Structures are given as C-alpha cells and as structure tokens.
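A.B. asks: Residue strings, one per chain:
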Amino acid sequence: MPSISVRNLTKRFRSLKAVDDVSFEVRDGEYLCVLGSTGSGKTTLLRLISGIIQPTEGEILFGGVDVSNIPTEERNAVYVPQTYALFPHLTVLKNVAYGPLSKEVPRPEAEESALKVLRMVRLDARADAYPNELSGGMQQRVALARGLASGSNTLLLDEPLGALDIRLRLELRTELRRLAKESGLTVIHVTHDQEEAMTIGDRILVLRHGKLQQHSTPFHVYNRPGNIFVANFVGNSNFLEGIVENREVIGSVIRLRENLRVNVADVSFEPEEPVVVAVREEKLSISPRARDDKENRFSGEVEAIHFLGEWTRYTVRLVNGDQVAARVPIGSPVKAVAVGDWVSVSFNPVHTHVYESPTIGLQRELEVY
Amino acid sequence: MSEAVLRRLDELSSNQLSKRLAYMGSIFFLVFFILLPPVLGISLKIGLVGQVLQDAALLDRAKAAIFYSFAIAFGVATLDLVLALPMAWIIARGNSKWRNVMDALADIPFIIPTVALGFSTLLFWSGTGPLSLLGFSVQPGLPLILLLHFAFSYPVIVRVMVGELLAYNVIYETAAKTLGAKAFTIARTVTLPLLRPGLIAAFLLAFARSLSETGATVMVAGVFENGPVFIKNAKDAGLEGPMVLVSFTLIIFSVTVFALIRLLGPRLKLPLNRVLPGLEAKLSSRRTVNMRDGATLAIFALFVLAPSIYITFPALGALTDGTIQNALSGRGIWSEYWQAMALSYTIGAVATIINVVTGLPVAILIARKRLGKLATTVLDAAVNIPIVVPSVALGVSLSFFWRSFGFLPEFWIIVFAHTTITYTYFVQAMAASIEGIPEEMEETARTLGSRPLMVFRRIIVPLTKYSIFSGAILTFTRSVDETGATTAVSQSLKTAPVLLVSWVKHVVPATTSDIALGIAFLVLTSFASLLALRLVVYRRSK
Numbered sequence: 039m040p041s042i043s044v045r046n047l048t049k050r051f052r053s054l055k056a057v058d059d060v061s062f063e064v065r066d067g068e069y070l071c072v073l074g075s076t077g078s079g080k081t082t083l084l085r086l087i088s089g090i091i092q093p094t095e096g097e098i099l100f101g102g103v104d105v106s107n108i109p110t111e112e113r114n115a116v117y118v119p120q121t122y123a124l125f126p127h128l129t130v131l132k133n134v135a136y137g138p139l140s141k142e143v144p145r146p147e148a149e150e151s152a153l154k155v156l157r158m159v160r161l162d163a164r165a166d167a168y169p170n171e172l173s174g175g176m177q178q179r180v181a182l183a184r185g186l187a188s189g190s191n192t193l194l195l196d197e198p199l200g201a202l203d204i205r206l207r208l209e210l211r212t213e214l215r216r217l218a219k220e221s222g223l224t225v226i227h228v229t230h231d232q233e234e235a236m237t238i239g240d241r242i243l244v245l246r247h248g249k250l251q252q253h254s255t256p257f258h259v260y261n262r263p264g265n266i267f268v269a270n271f272v273g274n275s276n277f278l279e280g281i282v283e284n285r286e287v288i289g290s291v292i293r294l295r296e297n298l299r300v301n302v303a304d305v306s307f308e309p310e311e312p313v314v315v316a317v318r319e320e321k322l323s324i325s326p327r328a329r330d331d332k333e334n335r336f337s338g339e340v341e342a343i344h345f346l347g348e349w350t351r352y353t354v355r356l357v358n359g360d361q362v363a364a365r366v367p368i369g370s371p372v373k374a375v376a377v378g379d380w381v382s383v384s385f386n387p388v389h390t391h392v393y394e395s396p397t398i399g400l401q402r403e404l405e406v407y
Numbered sequence: 237m238s239e240a241v242l243r244r245l246d247e248l249s250s251n252q253l254s255k256r257l258a259y260m261g262s263i264f265f266l267v268f269f270i271l272l273p274p275v276l277g278i279s280l281k282i283g284l285v286g287q288v289l290q291d292a293a294l295l296d297r298a299k300a301a302i303f304y305s306f307a308i309a310f311g312v313a314t315l316d317l318v319l320a321l322p323m324a325w326i327i328a329r330g331n332s333k334w335r336n337v338m339d340a341l342a343d344i345p346f347i348i349p350t351v352a353l354g355f356s357t358l359l360f361w362s363g364t365g366p367l368s369l370l371g372f373s374v375q376p377g378l379p380l381i382l383l384l385h386f387a388f389s390y391p392v393i394v395r396v397m398v399g400e401l402l403a404y405n406v407i408y409e410t411a412a413k414t415l416g417a418k419a420f421t422i423a424r425t426v427t428l429p430l431l432r433p434g435l436i437a438a439f440l441l442a443f444a445r446s447l448s449e450t451g452a453t454v455m456v457a458g459v460f461e462n463g464p465v466f467i468k469n470a471k472d473a474g475l476e477g478p479m480v481l482v483s484f485t486l487i488i489f490s491v492t493v494f495a496l497i498r499l500l501g502p503r504l505k506l507p508l509n510r511v512l513p514g515l516e517a518k519l520s521s522r523r524t525v526n527m528r529d530g531a532t533l534a535i536f537a538l539f540v541l542a543p544s545i546y547i548t549f550p551a552l553g554a555l556t557d558g559t560i561q562n563a564l565s566g567r568g569i570w571s572e573y574w575q576a577m578a579l580s581y582t583i584g585a586v587a588t589i590i591n592v593v594t595g596l597p598v599a600i601l602i603a604r605k606r607l608g609k610l611a612t613t614v615l616d617a618a619v620n621i622p623i624v625v626p627s628v629a630l631g632v633s634l635s636f637f638w639r640s641f642g643f644l645p646e647f648w649i650i651v652f653a654h655t656t657i658t659y660t661y662f663v664q665a666m667a668a669s670i671e672g673i674p675e676e677m678e679e680t681a682r683t684l685g686s687r688p689l690m691v692f693r694r695i696i697v698p699l700t701k702y703s704i705f706s707g708a709i710l711t712f713t714r715s716v717d718e719t720g721a722t723t724a725v726s727q728s729l730k731t732a733p734v735l736l737v738s739w740v741k742h743v744v745p746a747t748t749s750d751i752a753l754g755i756a757f758l759v760l761t762s763f764a765s766l767l768a769l770r771l772v773v774y775r776r777s778k
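So the sequences go chain by chain: A and B.
According to my numbering, the first sequence is numbered sequentially starting from 39.
According to my numbering, the second sequence is numbered sequentially starting from 237.
Just so you know, not all the hints are guaranteed correct.
[Claimed, not checked] Think about it this way: if two alpha-carbon atoms lie no more than 20 Å apart in a straight line, the pair counts; the simulated EDC-like pairs of lysine to aspartate or glutamate are: (1) B/K701 x B/E675; (2) A/K132 x B/E679; (3) A/K141 x B/D246.
[What the hints assert, rightly or not] Just a sample of chain A residues kept apart from chain B, beta carbon distances all over 10 Å, derived: (4) G67; (5) E213; (6) I281; (7) I288; (8) N301.
FYI, nobody ran anything at the bench for these hints, they're computed from the structure.
Since we're looking at a predicted model, the values are computed, not measured.
Glycine included, every Cβ here is placed at the ideal spot set by N, Cα and C.
Next comes chain A alone, as it looks inside the complex (with noise of 0.2 Å):
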C-alpha cells in the first residue's frame, strides 16, 4: 500500500490554481523529489499534504486513510520549511525533543532520544548550543534531527538545501538521502534543482503552474520527458519545428524549414502533422569539416563557445537558420573551431524525441515561469 495517495488535488486562491487536479502516490520508504520552478505550487503541495492548509478540492491518503479530517499534529508528517524554522528560544536539544514532548514523551525518554537522533547528524556537541549560535549547514541538520527524533514516518522538505552554499550542498544532499533511508523514512522533498533531484530521487515529480507534468525514475524522467517542458527544464535540449513528411516501421522523417530533412525514431505521428524535435545537446556531435552528406548530419556556422570547465558549449547557425547547441567533453578530439568557422553537427535518430507541436507556440510553452 503506497505510504501518501494524492487523489486530484486542487488549490485555487482566488482565481489563481496554485495546485491543479494533481495526483500520483509515494511508496512506503520512498524519496519523492518535487521539482518545478518558483510558482510551480511545489510548496503548495507540501503545506497541503502536510495539513497546513486545506485542498480546495480531491483528497489525500495516508496508508489509505483520508486525512482531510485530521489536523496537521495528528498528520505525522513533519513539515521542514527552507528557513528550518528552529525555535530560536530553545536550545538545539530542546529543539529536537520538541516532537517527542508534544506527543507527551516523558522528558527524559525525549531528551535521550533527541540526543541519539543528534549523534546520527553528528551535532551531539552542540546539544546545548542556540539556533543563531550554528552555521548554516548545522541549522538544516537540526531541522532535519527534529524531524527524524518526531518519531514521524514521512518528512516534508521544502528546499532543505536551497539556503546553503553550493559546496556544502552537495556534501549534505547524500546525507539527507541517507538518513531518511537509514531511517525508513517516506520523504517528499522540494526542489528547483534539477540536478539535486536527479542525485537524490527515487523518483522524480515535475510540477508546472501547478500541474503535473511528469512522475518517473529520474532516469525516465531525464531519458524519457514526457513532454517539451520537461525536456527542457529538465537537462539541456535543442527544439526544432518541422512536419511529419512519412512515416515508416523503424522511424519518421520531419521536414524542418529549408526542406532539412531529420530522421527520427518514433513513429507515433501521422504524415503533415506539426511537430517538435527536442535532442540533448550532448548528443550533438561537432566535426570541424562542414558536410551535409549523411543522416542527420548538417552543416552550419559557429556563432559563440563557451567553455563550461567539463564541457564546451558550441552554439551553432544551421543553413536553414535554425539554431542548435553542442555540448562536448572537455579533451574530446575536435580540432580547434573558432566562432566564424562552419562545421557539421550530427546525431543519431535513436537520440530524438518528438512531441506534438504546441497550439500556445514553441517559446510559450519553453517559459520556465
């Protein structure tokens, strides 16, 4: 039985649909990663699973149970907002047995309790410090410790790590994964970083004005968007508009402008209609000769490089007027190109992925916000 069931959720604040008829589930022991851009209703969802505020319509289940009746301090879901909101008059044990006190933990059981959740962060030498006497990193532990010492089985993160610089980010995200595992713990974590939710999900949520707009393994999510949004708020992807000009058993061929024809592998369109194209831009090859004389291969004009420490971003001008992004490993043999020289840009059919052209437009329906 999954561990939280949401069943078309909807929010609206006056006229706004902060949440829009969304529903997915989180396993038992899962680590939910919510990700979607500022307005996307990430943090809607979590306020409104945690019980903080009430759907406007749909349902949520925990272990199959409808909870809209239960008050948030019977939810047993424990909500950790970006700020950590750690009470700034009680000390970091205090803090944490916060949650064991409030379900009437004798204190010394609570105090003992909180005191074995802060060895596991590694924050016992700090039990008897203040909020504002801890760093940054520290701070989100305890608010973390306070959680796991709650004796709750689901953690609600919003943007637990959106506060700290980027190195200790990325040293506290695998801690975090591994406490709730360590832990059992069911948590949906919230996050604008499409990177953090990628490392630390087993499954990612994307959100969009407050729809949902996919829910898989970060692997799917990233190998398989479901639609033009993700695929390019997810990762880095070249979009090109063509037609559908036939379709055969292995794949399609899209005429883009300039009759630059593309042979894709899906066959899921009918002939003449509109479509997409989206490739990642690391699967874009650059060769310094500029040829046109194989599949997918074009030929085109160097307008910037930019050079991103791993990789070399090689934006190129094709002869139809499209443009494309390149993106090649630092140390990859492609003899020098300066911007100004015409080269060739090619890609394997298996690496496209084709989506219904959008009635709103292309760059409508690429806006993040």
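Let chain A serve as the given structure and place chain B on it in line with the hints.
C.D. replies: Showing chain B alone in chain A's frame:
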C-alpha cells in the same frame, strides 16, 4: 494549572469548534464591550442636543471648542513632525556618543503622566518660572496649550521615526550616494518618500494624542476652551446637552479625519522628484547640518525637556517644607490622595487583566490574518477606534451607556471605560509582536505533533513574553495616567490624576508643594511598578 487540565485544554484546541468559540468570544467582547458602548451611549442621549441648538451663545462656544481641538491637533502634529524629525535623525543616524542619552531624554514627556506634564509646563512658563527672570512668561490659555501639546506629542514622532529609520534599509541611500546625490537630496527624494507610511503613522499618533488629551490641558487652559475642556466644564456645570453635542461631534469628526488621512495620505504626492543641486549641496554641507542639529537640540531642550522636568524643583522643595510629613501621615487632603492612588492602581490592574485575556485572541486574528484580508483590515481598523476618538468624548458616551444599567457599581464603570481606552495599546503591541514570528514556526511545530494551544504556550508565549509584558505595562500605565475619560465617567470615585487636576484647579485647597509631591508620588510609583514588572520578567527569563 494542573497537567491534566492543560492536556484537556490542548486537546480542545485541536477541535475546530472550540477554537472558533475562543475567537468568537474575543470578537464578541470587542464588539459588545469596546465598540458598541461608545456608539450606543451617545445615541441614548442624542435628544439632549436640542437644548444647545436653542442657545446661540452656548452653540457658538461649542463650535469654537470643536474647531480649536482640531486646529490645535493639526497645527501641533505638523509642527512636531517638522521639528522632531531631525531629532529622530540625530538619534538613529548620528555618530554622537550622547545619542543614547538623547534617546532616553526624548522619551521623558512620553513616560511621565500627562497631569505631571501639565502642571510642570504650567509652572515652567508661569510668572514664577525660570523664564520670568528674563521677564518672559506665558499665561494659561491657547499659547500655553500649544506649548504643552507640542511637548507631549514630540516624543511620539521621535519614537515612531527612530524605529522607522533604524528598520529602513540604508542600501537605497548608498545607491543614491554613489549616483552623486547630496545628503539632503537623498533624504528628500529617497528616504522620506520610502518612510511615508511611518510619517503618516507618526502624524496620526501625534494628532490623536493632542486631540484626546484632557487632564493636562484643563490645567493650562485658563478660560480658553477646546473640546475636552468644554466637556469638562459642561460636566462640572451639569449641562448634559452640550456634553453630548461636543462629544458626538468630536467622535464623528475624529473618526472621519483619521479615515481620510489613512486613505488619502498614501496618495499624497509632494514635488519630490525635482533636484536643486546648488541649494541642496549647501543644505547638505557640514556647517548647515551642524546648525540644524544645534537648533534641533535647542528646541528640544527649551520646549520639550525643560518644561517636562521642571516639576522636579517644587517636588524637591516639598521634601524640606514639611509637605512630605503631611503626605506620609495622610493628614488633610492626603488621606483622599492615597485612596485615589489605591483606586488608580486597582483599576489599572483589573483593566489590564481584562485586556490581556480578551485582547490576545484578537491580536492573533489580526497578526495571522485568520479571518481573511478584508475582515482583518476591518478588525484592525475597529481595534484602533478607541485611540482615535478623544478620550473625554469616549468617556461621556461610555458613562451614559454603562450608567443606563442602574445596578453597575461606579468602580466597574470606570474599569470598563479604562478597558476601552487602553484596549488598542495591548492588542496592537501584541499583533505587531506576533507578526514578527514567522508563521512557518507555528506550522512546523504543528507538524511535529503540537496542538494549537501547545504551540501558543511553548512557542508564541516564550517568544513574545516581553511584548506581552510591555503591552501589559503600557496598558497599565496608560490606565493609571488616564484623566479625560475618567473625568467624564466618575461621580463619587476619584482616581489620582482626576484628584490632582482638582487640586490644580483649586477645587480643593492645595499648595504648589502638595501638587508637586502628589504628582511626584504618581510618577515614582508608576516607575516603581514598571521596574518591579521588569525584574519579574528578567528573573523568569533567567
């Protein structure tokens, strides 16, 4: 309270119905004990207005008194805003090591009871005051009322604007400075426009304080009458009609004026965009700034500080001329004085307890906007009504209302009047404090398993305990100090400030030493109670 009872109450707080009942109870109190009595009280007697309308001379006197009330309040608040703002600037932004001292001194007229301020001002500017040595004095009447109101409204502006300036993000000023603007230009075009809500609030508070003040004004008014003095004189003469007319008009006008300033103030546009580089560079020069600071300090010392503390001299004199012995032995007029003091403190304590118990839920409703945006705005405005309306007018109306219940003892009528007058202070202080606690903290506590009352006890109360005590202290001292409404409400019972006004007005034969010592006791006991409360808070917090 026993553990079992607390646990039961905690459980009850999770129940929607009991939560609603607690909030509804506090709103019921607000509506039926704070807001409706002043409205209904005056409505009961509105028929008496006819008496005044038939007497042309009395009507003219009433009209003039109402006009002067608003004219004085408007003039004084404007003058205070202009002259006290530089003082706030010196305290908030100055580099002087004396600024903490100046900060404390600026508060003096605010924390001493207005009756003390009135008598001190009267003595300072009188023919026997220090300025009489230079052949200068101001006799009771309009000019002395203006000087008094200027002095007690001044710290209101300083207090509000120092808070605003300290909370203001100086990054905007830094940005303007790097763009080449001079200090004066920055203040005029960046800082002050951004502080406009604070300026409006400060102006309104100074305006309300002037409009409402009664006890001290009566002392320095002589034969001149503004609204509150007129009401006091009418009450002494037993003329209910004129009292109703002036009170009713003051209530309606003051609520209207406040609503208009609140609505239109934010839209007020001044020609702030034009920059006059030459003139403003001169005004920003070190020399001009020094001159401005010098003038500000001189005005403060002469018109605010000196008149406020002058009473110390006759009070010290009372220690050597035998008055202190009479006072301590309770001889003559002093017996009534000590009874009045006991009454003042009892009423203050009871009114404070009522306000804490009934005001806290309302403060939470406002701070957390539990009723939605519109209803919260309405509730917030309703809570402010008691300080907007002149206290003596409020007192007249409350007196009519509560006396219509024949069985109610006078003590409780005064308590209810004080509860109404001080309600705003506690609720607003608490609402501001609760608003300062991130709501996420409460939400997180609840997801950790805390029931609403437990969150209140373990999170909100510890984090706001100083505000609760400060709010309670403010309510208590405001009640002990209250003169206007008590004058209107009381018949046989006299609180200390009301008694002291009668001493000054020579209703009872009292010497200057008697009055100065009586006021000194009131001030000292006020301070002592504040100190005692502070110590309790300090010890508990340790």
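A.B. asks: A separate judgement is required for each hint: does it hold in the structure or not?
C.D. replies: Do the hints match the structure? See the list:
1. The suggested pairing of B/K701 with B/E675 holds, with an alpha-carbon distance near 17 Å, which does not exceed 20 Å.
2. Among the hinted pairs, A/K132 with B/E679 is consistent with the structure: their alpha-carbon atoms are about 17 Å apart, no more than 20 Å.
3. Proximity of A/K141 to B/D246 is assessed by CA-CA distance (about 11 Å); at most 20 Å being required, the pair is judged to hold.
4. Residue-level check passed: A/G67 sits 19 Å from the nearest beta carbon of chain B, beyond 10 Å.
5. No beta-carbon of chain B comes within 10 Å of the beta-carbon of A/E213; the shortest separation is about 21 Å.
6. The beta carbon of A/I281 sits about 50 Å from the closest Cβ of chain B, which is more than 10 Å, so the claim that it is off the interface holds.
7. Non-interface status of A/I288 relative to chain B is upheld: no Cβ of that chain comes within 10 Å, the nearest being about 53 Å off.
8. For A/N301, the non-interface assignment is confirmed: its Cβ lies about 53 Å from the closest Cβ of chain B, beyond the 10 Å cut-off.
In summary, the structure agrees with every hint in the numbered list given earlier.
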